[in-house]
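Asks: Protein chains in written order, with my numbering: chain P, 1 to 327; chain Z, 1 to 563; chain V, 1 to 317.
Everything labelled a hint here was simulated from the structure, so no lab data went into it.
No experiment lies behind these values; they were computed from the predicted model shown.
From the three backbone atoms N, C-alpha and C, an ideal C-beta is built for every residue, glycine too.
Keep in mind that the hints are not guaranteed to be accurate.
[Said to hold, decoys possible] In silico DSS-like links for lysine-lysine, alpha-carbon gap of 27 Å or less:
#, chain 1, residue 1, chain 2, residue 2
1, V, K226, Z, K377
2, Z, K443, V, K205
3, Z, K240, Z, K292
[Said to hold, decoys possible] Pulled a few chain V residues facing chain P out of the computed Cβ check, cut under 7 Å:
#, residue
4, V50
5, V236
6, I249
7, G258
[To be verified] Derived DEER-like restraints, expressed as beta-carbon distance ranges:
#, chain 1, residue 1, chain 2, residue 2, range
8, V, Y172, P, G83, 21 to 31 Å
9, Z, A311, P, T249, 51 to 61 Å
10, Z, I313, V, L233, 19 to 29 Å
11, V, G277, P, V134, 22 to 32 Å
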Amino acid sequence: MFSFIIRRVGQSVLVLLITGLVAFSMFRFVGDPIDNMLGQERTMEDIERLRAQLGLDQPFPVQYFRFLENAAQGNFGISYRQGRPVAEILLERAPATLELAAVSAILAVIFGIALGVYTAIRRDGVWANVIMAVSLIGVSLPTFLIGILLIYLFSVELGWLPSFGRGDTVAIGSWWTTGFLTETGLKAIILPAITLGLYQMTLIMRLVRSEMLEVLRQDYIRFARARGLKDRVINFRHALKNTMVPVVTVIGLQLGAIIAFAIITETVFQWPGVGLLFINAIQFVDIPVMAAYLMLISVMFVCINLIVDILYVFIDPRLRVDRAEGH
Amino acid sequence: MSLLEINRLSVEFPGRRETFVAVNGANLTVEPGEIHGLVGESGAGKSTIGAAVMGLLDPPGRISNGTIKFKSDEISGLDASAMQSLRGAKISMIFQDPLTSLNPLFTVGQQLIETIELHIGLSSADARKRALELIAAVGIPDPEGRIDQYPHQFSGGMRQRIVIALALCSEPNVIIADEPTTALDVSIQAQILDLIREIAQDRKVGVILITHDMGVIADTTDKVTVMYQGEVVESGPTMKVLGTPEHSYTKSLIAAVPRPTVKLKRFALLSQREAFKIDDLARNWPSTEKSKSGKLLEVKGVTKRFVTRQAIIPSMRQYFTAVDNVSFEIPDGQVFGLVGESGSGKSTVARMIAGLYRLDGGQVTFDGTDVGVGASKDELMAYRRQIQMIFQDPFSSLNPRQRVDAIVAEPARHLGILDGKALTHRVDELLEQVGLGSAAGRKYPHEFSGGQRQRISIARALATQPRFLICDEPTSALDVSVQATILNILKDLQEHLGLTMLFISHDLPVVRQMCDTVGVMRQGQLMEVSDTETLFASPKHEYTQELLSLMPRLDGLSTEGIA
Amino acid sequence: MTDTPISAPDTIEKGRWSRFRESDFYYDFTHSPVAIVSFVVVCILVFSSVFAPLVAPTNPFDPASLNLMNGFTPPMEPNAFTGESFFLGTDDQGRDVFSTILFGMRISLFVGAAAVLFAMVLGIFLGLVSGYFGGWTETIIMRIADVQLTFPSILVAMLIFGIAKGFTPVEYRDQMAIWVLILAIGLSDWVQFARVVRGATIVEKNKDYVAAARLIGRSPWMIMIKHILPNALSPVLVIATISLALAIIAEATLSFLGVGAPPTQPSLGTLIRVGQGFLFSGEWWILFFPACTLLALALAVNLLGDWLRDALNPRLR
């Protein structure tokens, strides 16, 4: 068990090193940082000074190491576009994205699992088929269209909910701001959260359904039926637990995806989060922001995956104990 | 009053083109304390009867006719909830594969206790006590220590014991055992059958034992019902049905069972459809060259290790030695048999000789030429022209996306033995000779049955006119009558073409029928090599003696067509 | 598994077409209204976008045919100034919405199909190699795949797009955008193919027909291409179909976000981006019709993929 967790931690570090390399390469090779940082009027001395200051005269591995060192301390350089430290900008925007992602994730997981189990158990039922048909439309409907549709319906036509922004926020501590404590803030999060959660919910639901159907076909379920166990026990005790083994991994991935997909939702709703920041960074080739965002996202993914792996060990005894002990 | 009475039962599976009748008018009765065998080849409908009694027919299957009575109460028409209370409570079932019958995420104790609580209504402390008793009763040592373990901590045989304990939780009157020992090794198979026997007698439980294995039927059952294509052809006390069969199908089935006691020249009483035309084949076969030393194949000290744990540093890698220093030789025109239980390394030896695995040590010499690690490209090419192989699983040994004529032609074409018209002609001829007809060449493998596919494999192997043939469990995936036909074909090849063969099998009676010399393998080592008659008459090694003692005697079987 | 004789009529040779007509696949198709309808819809959409220059009433990118006076004409109504009427109305510059949709769908489909093709070729190659050879080759390829899989493909596509944008000189950015899109979406999507092909390869390579081919000394590459690949194709087909829907959506999303097809070569996503601006002022049709087309296209392809998966998965039968 411990070797399993340790191996996973090792892999996580590897993932971080690789994404770090990608981020650093972007930083180093895409465009010329000197070009980007100095204006048109520059002298050779300026260039040389900045080059030495940024350590660009050092060999590549040294630069990479320095980059990692800085990144670990939260130092990602200065945004080309805004001229402020990237870390500061990210920190200011992170709460908005995290709150949105959390609400959507909870919606997606709860409804996704419940509907998935329902459609698997009532495989041939009318409602199950209706849900499945609707879910396919859900998968085919790009997130941004869902957002636009919701805005049109609830903001333009009905006028119930705001179409953009985060509403009023309250500061907690030195840097966190929350929209949960004001009425406008709560209203503002409804549409974006549904938009963001809907697609993930559909995916989770379809996955839970297919995994559960697969489990229900297994021999041990047949044998459980042959022993006369009640359907309720078979479905919710035997089948559900076995279904969750593969599902947990994918849900972990999906939760990570929510943070990335927030980019789209944030653009549609002009939600002031890191996603909106990132998309602007791409449009203006603001490399430090892109690199920092990439690192931030990967740290988050790695954490989620680690939690998932630990959860996995709790669900599946085969990872917990040693192999067969002979005849 | 019988415990279970099945009357004129018919089960059908409506399909999109036609309705498939899986069982047609079957009768069967089970008395307390009796083991009733249900025997037949695949597609006979024997498992369907079991599923029908349990109410577990896979949709869209349904009972179309007949009655099933439990203690004279009709149960076939019961609704789902009534069936559920009967299922497990009065009638239990044991499935074939113990590895998949238990839920991997619950301890065996949890699974036992939930079933006991459901059926007997004991408090959880009492249910646990009862579970411990049952674990002890099915012969698992240290119940206290094992009750809280998960299924993956038990070996295959132990898991099947747990499955039996689960079936006993409700103190049922009838147990339906569907191929309960097929997935197990011979030695464990015998123990499980003894356990079933004991339970039937001690607890006065009626058992329906579904199997394809005549040996199991002969050793274990009191009565037997023989099925063929959905119909019961014969039924009665086991000794009588097996000793003096009346129906012609039963007769041919019994005649097709390989006997451990006598070596037959050929299996008799087989259907003559798709006859193998050995004479046509022999006419065009090149006269067999003799090897210089008289020993076509020599295997010296071959060893194979598989990496079980990969590591960058070689010294940290862990290995499993699958074959350990095995040596033997095969003289021209002889059949050498390798026997052993699963995991003994016998197939690995075959694959090393065939060049599919690299040797980790030792030497393989073919007609005086080293064809192991040191062989040159040309030597290997020449070797490949002279050997061929027939595999175990007829479903995986033919590429499903290739047409049969392309399959048969591939070796001869690739090895540059024949091409163009001559090759087409050879393929047509071969398909004709193995009894499939040349039109079979334009079809795909899925259009053929297992036995027919094995004939295609044989045609492929013969297309290069090899001197040496490796048969890796060529019949163990086949029904007994099909096995007899294929064994006859192989005997013909050996006799009329003078082919030298390596014959791998786990089945001692089959080995006795086929081989001149036999090697016994265990855990990668060759324990004993001896000529077949001596080995069966007076085995020297302890392990061989043990294997032979586990072999079903089949003394009660009719000898019609054998003598 | 009794040896039944080959029934007589089978000896008559059948053509590929009649074999196909007798297959379960064909039966399933003709008995599934959903499959037929989505197939027809896909065919119509593909046909009309491939032949867009012939089907479309006007060429929206020909400045000569544009009349700014025609701007904002509602569908099926005559324009207040010119009296011209347009099937699906016009946009702010007086371009016929129906025509822009056809040309936009052409770009969407081209980018989607090319990206999937790229991902498929790359994925099949890497999947075959890692599955067949195993060892370190496999470890390296699958590690990269794992790392990439941790990130949603849309994010990977954005990153690749952003990086590529950084490399292309400003004056070529619009011209290159389509190819960069294909590269970005394709590279973000190969993992699915590689994993499926690797899985199938590992299963197939242990089957005895591969042993039979190795026995006669066939080279690994021939075995992979001639024996293994044909047997791994049906899951690839399913993934390709579903990926096509995803790629079309991904392209639309990127274009919608302004990091995809440029306004000079608008895809459906670009059209929706443009149309969104007019939603609040009442010119709904500029957004609505491209959105519906996108939905119809993605849904039809998805339905087809979903059906294909069930039809080709024998376990569900």
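Asks: Decide, hint by hint, whether the structure agrees.
Replies: Each hint, compared with the structure:
| no. | hint | in the structure |
| --- | --- | --- |
| 1 | V:K226 to Z:K377 | holds, 23 Å |
| 2 | Z:K443 to V:K205 | holds, 23 Å |
| 3 | Z:K240 to Z:K292 | violated, 54 Å |
| 4 | V50 | violated, 22 Å |
| 5 | V236 | violated, 19 Å |
| 6 | I249 | holds, 5 Å |
| 7 | G258 | holds, 6 Å |
| 8 | V:Y172 to P:G83: 21 to 31 Å | holds, 28 Å |
| 9 | Z:A311 to P:T249: 51 to 61 Å | violated, 26 Å |
| 10 | Z:I313 to V:L233: 19 to 29 Å | violated, 40 Å |
| 11 | V:G277 to P:V134: 22 to 32 Å | holds, 30 Å |
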